[in-house]
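Participant: Put together the whole structure using the sequences plus the hints.
Sequence lines, in order, name chains D and X.
Residue numbers for the first sequence follow the working numbering, beginning at 38 and rising by one.
Residue numbers for the second sequence follow the working numbering, beginning at 846 and rising by one.
A few chain D residues facing chain X, derived, Cβ under 8 Å:
(1) Ala50
(2) Trp61
(3) Asn63
(4) Trp104
(5) Gly139
(6) Trp173
(7) Ala174
(8) Ile303
(9) Val349
(10) Glu358
(11) Leu363
(12) Met369
(13) Arg370
(14) Asp443
Quick list of in silico lysine-lysine cross-link-like pairs, DSS-like style, CA-CA up to 25 Å:
(15) X:Lys1719 to D:Lys437
(16) D:Lys304 to X:Lys1229
(17) D:Lys169 to X:Lys1814
(18) D:Lys169 to D:Lys132
(19) D:Lys304 to X:Lys870
(20) D:Lys437 to X:Lys1727
(21) X:Lys982 to D:Lys192
(22) D:Lys325 to X:Lys982
(23) X:Lys1788 to D:Lys169
(24) X:Lys1721 to D:Lys437
(25) X:Lys982 to D:Lys132
(26) X:Lys1273 to D:Lys102
(27) D:Lys304 to X:Lys982
(28) X:Lys1771 to D:Lys132
Note that these hints are calculated values from the structure, not bench results.
Here the structure is a predicted model, which means the values were calculated and not measured.
Note that beta-carbon positions come from the ideal geometry of N, C-alpha and C, so glycine has one too.
Spelled out from the first residue to the last, the chains are:
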Amino acid sequence: MRRYSVFAVAREALRFHQGWARAWANPEPKKRYDVVIVGAGGHGLATAYYLGKNYGIRNVAIVEKGWLGGGNTGRNTTIIRSNYLQDPSAAIYEKARSLYEGLSQDLNYNVMFSPRGLLMLGQTEHEVRGYKRTVWANNLQGIETEWIDTARVQKLVPIMNTLGPRYPVLGALYQARGGTARHDAVAWGYARACSDMGMDILQNCEVTGVRSAAGQVQGIDTSRGPIDCGKLAIVVAGHSSVLAEMAGFRLPIESMALQALVSEPIKPCMDVVVMANTVHGYMSQSDKGEMVIGGGTDGFNNYTQRGSWQHVEETVRALIETFPMLSRLKMMRQWGGIVDMTGDRSPILSTTPLGNCFVNCGWGTGGFKAIPGSGWAMAELVAKGTPGPLAAEFGLNRFKEGRFIDESVAAGVAH
Amino acid sequence: MSTRLATGGRLIDRTKPLNFTFNGKRLRGFAGDTLASALLGANQMLLGRSFKYHRPRGLVGSGVEEPNALVGLGRSGRFEPDQRTTTTELFDGAETVSQNHWPTLDLDIGVVNNWAYRFLPAGFYYKTFMFPRFAWKHLFEPIVRRSAGLGRAPSLRDEDRYEQAYGFCDVLVAGGGVAGLAAALAAARKGARVIVLEQTAHWGGRAPVDGGTIDGQSPDDWIRNTLQTIEKMENVTLRRRCMAAGLYDHGYVLGYEQIADTTPGDGRPRHRLWRIRAARVVTATGALERPLAFAGNDVPGVMLASGLRDYLVNWAVSPGDRTVIVTNNDDAYRTALALHEAGLVVPAILDARASVTGALPDAARALGIRVLEGRGIAKVHGGKRVTGVSVCAQAGEGSVLEDIACDAVAMSGGWSPIVHLWSHCGGKLLWDAPRAMFRPDAARPPTGADGQPMAVAVGAANGVFALSAILAEAKDTAPAPAIPAPDDEAPMAPVWVMPQGAPDALRYKMWLDFQNDVKVSDVQLAAREGYASVEHTKRYTTLGMATDQGKLSNINGLAILSDALGQPIPATGTTTFRPPYTPISFGAIAGEARGEIFQPLRRTPMHEWHATHGAHWEPVGLWRRPYTYLRHGEGLHDSVRREVRNTRAAVGLLDASTLGKIVVKGPDAGKFLDMLYTNMMSTLPVGKCRYGLMCSENGFLSDDGVVVRLSEDSWLCHTTSGGADRIHGWMEDWLQCEWWDWKVHTVNLTEQFAQVAVVGPNARKLLEKLGGMDVSAAALPFMTFTEGVLAGIRARVFRISFSGELSYEIAVPASEGMAFWTACLQAGEDLGLMPYGTEALHIMRAEKGFIMIGDETDGTVIPQDLGLGWAISKKKADYLGKRAQERAHMANPDRWQLVGLETLDGSVLPDGVLALAAGVNGNGQKNTQGRVTSTYFSPTLNKGIAMGLVRHGPQRMGEVLDFPTEGGKVVQARICDPVFYDKDGEKQNV
Ligand SMILES: Cc1cc2nc3c(=O)[nH]c(=O)nc-3n(C[C@H](O)[C@H](O)[C@H](O)COP(=O)(O)OP(=O)(O)OC[C@H]3O[C@@H](n4cnc5c(N)ncnc54)[C@H](O)[C@@H]3O)c2cc1C
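Facilitator: Encoded structure:
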């Protein structure tokens, strides 16, 4: 792989950038792979990357029905944080966050991880108590967060209306090393690195069936023909139930639309990420200058990648209340993705009733931040057949045993 | 120079001059001008700077497609960045400023990026800025952020207001051009209720500028006559300045109406957002002209041929004295003719087509205009303004054949139907190769709830340009069978790069996306690097991601991508069209809901009294409850302590109206409640109260409250204040979806009753003073209820207690709540009565060891954890949550359980702090063995008290736990009984 650097760019500039190679190859499917990963979103690609990097497993295909990164990985609002309450969540999200810190260098692709600071506003007494509890938990989990008062919130975010007549801001849970990254770049960076390790990324290749014999997975049928595999990892977010059905089991997942929207670009006015969960909205400003906005899921199940207008109105109201200046900006674009929601709002990284078939899903509204950690833990699960400590608590069994990892406890929204 | 011509201008009223400023300069335009036409008329060609290279930018178009000419408009609370001048109507006193430059528009330091353009190709930032690691955040990103962005951020609260409205119709017509008006008329004549939305201030669309005849009339006459007919029809609503912004499922259309943009401060709402439900949508949204990609096509003075024609005909503005026309189709000749008619010079028409025949070129030739066939532009000369063009052969590599001096260039690369609305909700497109355009595929329209087509495209939006064909098509609002070329026009020839064989050096100067600075070379680089999906290319290059969302650039871009990939254009496809069609204000999206009424405010009947008696509010759901009633000069803590002490010593008054009150009635009501609550409710005797628990299907405690049996077949369920609506929904969910055959009726009466808690040793005395009812211990023992009259008001009196004191809760009709409250205040005057707020309530329940939903519970706690096993009926076969509570993890004896906690030093434990255990877990996190769920300073005991969940807690009384707090400090607390006050209940059982 040709390394990316400012020198390489300068060299190429002299010949009008004619010398750049493809970032990832576009191969024909082979007959068989040791591991097939369904879904070239961030989680699927990261799983492949760490399979190769940590376990030396490189005869891997990542099978994608559309274009890589085109699912929720390319639709999200890119918030990265690890200030989760429950121990298992905090562990995997913090693993991910700390991998993000060095990901650009690791992948030799600038994913623009920007730990610009993240605030979760406390706007009711109840919320304040929840966040304080999170701070104590984070301290013991080795995650740096703090509770800051209204004056500090105001200083960090001058455009905020902390004295709103309905829900005045009482303070915030602050994670200084939370932030954002460039979502496409995360997918592209992993894809380039996987391709470089000799893995096949098969785009426009839809999985239509899962073949098994004697309770063991044998391979998959795709729109580009059948492919055999030793192990199968299903990492398809909103379509997890569809794939599970092909593999002959059911998942406790509901698929719903989650929407996001951006304003027209303006000069920098907010450096940090702000989440306001009482009023239900969150916002950051992209490097291009757009205000990036999101809210809660649509309240019904569906597979269309668009949502209902009412939700946009609710989200925008919440944010104008929090940032009155927003009223004078315009919405440039809105879109939606299909998120995979579990009952306890925590992910599933698990073995399945089908032998050698593994599933990674349930990241719902908040899995972008988890990509490196999830890939890391999933690679271990696929390579060894049993989960390591990061994934251990996220098995499917927890729903049978009632061992939920409920994150809605501290925050209504989990982006 | 661009100037205002002495005559002409269909839309301007020269008798009404308007003053405005641009970057402080005082300028003048006319009523009917847009900001763009007025600026151009005042010779202001340079209007802004591009996003990445900070190149000088002038007007390209005349409407919604404009990518360049954005300004900041207005001042203070009415300042708005990124206003598109082409669609902003001029008004007297408008203040505008240009954007994205420093220090000034003419002299912009950011232009250094332009000199370094070869080092800054698409996606260069993905390959660089990686070392050293911290530099992205601390060095590179701040620079990128500062140089990106467009307008200045507004900083003040918006001074305008906005409103929202609903509309319903059989046919919604989006677009008020010839096609839209004809379709509206046709539909209206069939009796349909019709709404027509036109985004501009004028009806008729392009036809009056483009000319031709409609039904034997001139476009202006036809439009006037048609409007006259339509306006008389009661079933048609016409709305100008109202853009159809989006089409959503089931024929839901968003209309964005601009009402008071030109009359700031006149009191009317600035924008109105229409949510219209239409049985059928006709998209008559027209078409947009495409630019051509030649070197220097972004220099100010290079414009769309149609846009230039608009300025000339509509506003009598000439962008230049000498305009070179460059085209691949006949339509641009109309611009040449219009220029000639205005007395301006057209030195040449460069037509990329090898041979040019037909009526329009002939007309140009007849006027003596040079028509050069098979020619294109090799390069545009000029920096902040066009000074000339070099002509080359389109088929060649750009050798210069001739230089032509000019100060404007009008370009036309053909037309693209506006298919946004058609596509928003799933309508598909087909590629019309001869005319190089995507147009709606009538066979694959967006479909409604019934699976039937919900939209139809007409006119230019459907790729139909000939006026005669548009009329024919609109009459039956079905797509025309064969799509004819515009009247009398020769076929166009697709031209994606000019000249065809342009070398790199030229391709690096051919702009596709003018605002985002995406060039032909960028798209080709994306293809070379494997960003081959059109979505990858878009994201890698930022093509089409600017405020115009690719209205001018998308088709050209994907044609170049297809060429680079060696595949046909339809194989590449388009990116997804997403609402809104053009950006709409957030103000309009929020509507009236802001400030106090941002969410509905629920008020108890006593709300106003609280407000005038020192209430410090706490939001509880949509309610606001007094946290405490501050007295003059008192701090929050003192006030709360006073209220607790007074209630315990004398008597306190609480507005408990927000408490959920749901009546459950019917022959199966008892059976239903037995399923809903963990307790047995069917056996509760009439007149008795019982504290009940509700769990989710997963077994977790979700709500609690006192249930009262009102009569043989009706129960009153009290819920938490925050839980009332949720619980009522939960009841209905079960009744409607699962137990639909049970005879049960539920009504949420929360707002129908005011509820007042009279609490404290003097409570009974107070009620006796109110008079009308026997409230003695014998007549009304603990956990019973009675109905009657108190203080002359019909009342239900419940003898229940959430504080451990002698206490009554009295429900009266909401309309009499304030009267009853006042009566209590009067009766309590010499009994030491004081009102108290939610914080005193919380403290008193904690002193008494009562749990609070949301504090002791958090969705992970089961009743068994809280020592509430006594409230779980062992006699019942089932209740919601029962099976779940039998699961392995729920029955695990290691679960954390409720205890009291008292610090060794009497201090107050911090909220939510955790108790440390030895060692770390598999992920290196410190182990814990419990946590604080409620913690308060107890004014009664004069020390900190707390409740918490601790592993094996109840078996570990007296043990001391370590709670690490801030800065490594450890607070120690002893496990104790959670009931801190009046363990034997002597105070409440009097
Ligand atoms: C609007 C929105 C905002 C969000 N905001 C945030 C945020 O701020 N922070 C955060 O951390 N998270 C956020 N998320 C969540 C986050 O985007 C997701 O959790 C995460 O991207 C999931 O990644 P993934 O790889 O699991 O799934 P995806 O990226 O969706 O990838 C799954 C892939 O599987 C493919 N696939 C599906 N079916 C098949 C098949 N049969 N054959 C082959 N391939 C198939 C899909 O095409 C897709 O590419 C947001 C999500 C949305 C929708």
